[in-house]
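Engineer: Sequence:
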Amino acid sequence: MKEVKLQEQIRLLGANWCPDCKRAKKFLVDQKIPFAYIDIESDPEAKVLVEEHNDGKTIIPTIFFPDGEILVEPTNAELAKKLDLTVIASKGSYDLIVVGGGPAGLAAALYAAREGIDTLVMDRSGLGGQAGVTEKIDNYPGFPDGIKGAELAEKFVEHAKRYGVELLEAASVVAVAKEQDGTIAVKTEDGNVYIAQAVVVATGSSYRRLGVEGEDDLIGAGVHFCATCDGPFYKGAEELVVVGGGNSGVEEGLF
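Take any residue in the sequence shown, note its place counting from 1, add 61, and you have its number in the numbering used here.
Treat the hints with care, since some could be wrong.
Stated by the list, open to error - Below, computed lysine-lysine pairings styled on DSS-like, alpha-carbon distance capped at 30 Å:
#1 296 to 86
#2 143 to 93
#3 83 to 296
#4 86 to 142
#5 87 to 209
#6 108 to 209
#7 216 to 142
#8 209 to 93
#9 86 to 152
#10 209 to 248
#11 142 to 248
#12 216 to 87
#13 239 to 142
#14 152 to 248
#15 108 to 239
#16 86 to 222
#17 143 to 87
Stated by the list, open to error - Here are the computed distance ranges between Cβ atoms for each label pair:
#18 117 to 175: 48 to 58 Å
#19 128 to 279: 27 to 37 Å
#20 242 to 203: 16 to 26 Å
#21 275 to 109: 20 to 30 Å
#22 300 to 153: 54 to 64 Å
#23 242 to 282: 43 to 53 Å
#24 200 to 147: 34 to 44 Å
It is worth saying that the hints were derived from the structure and are not from the lab. As the structure is a prediction and not an experimental result, all values here were calculated from the model. Yeah, the Cβ is synthetic: ideal placement off N, Cα and C, and Gly gets one too.
Using the sequences plus the hints, can you model the full thing?
Structural biologist: Dropping the structure here:
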């Protein structure tokens, strides 16, 4: 690895094909945070460094900070907290707050905004959800030839902005509570509280675990949940196993 005072700045170790790496890089660029990006595929020493700090696992992005702290696959909210960035909406109250910025959350916000409902979307990571990090989506209406997940997410965001939806990234919601006057208070991890007449929770799905012995130990080092994210690590491998025969399983196998 080239020694160009990298220890004095943020170092983001990742790969060009990695969706989470692209998201983290975009967040740092948008926030005007200087950093050094190091591609582990072209720098063997960087790959070794990632594995050393992840118990032998190749997990990216792995981000090194000048104070010695390391974040592995951080959400935008975790990055904002580490960098002491202020993430705050333009005002304190809205007609509707949508928690979750994936396709469902953005679609709900879009419909609401079209009806003149003042709407805020909050997401702890990047907008677009899991769809945004999917290599290609072939089953979404209106795109007979398929569309890249990142491109579809951009179209969602552009459409929502067109109707005045306010979008707040890197905002991790920790509590939702009904007030005495009937309104709903939404509290974020950094202590901000927003008031809404209604809240839509669209926080998405999570990967289903097998619950078998050794699974947790091998996550990131042989066991993965996203071929788009981690498949390139196994390019040229003679044998891979996909557990699950549904649409997603077949898609991952083909990828």
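Engineer: Hints the structure violates: just list their numbers, smallest first.
Structural biologist: When the structure is compared with the hints, numbers 10, 15 and 20 turn out to be violated.
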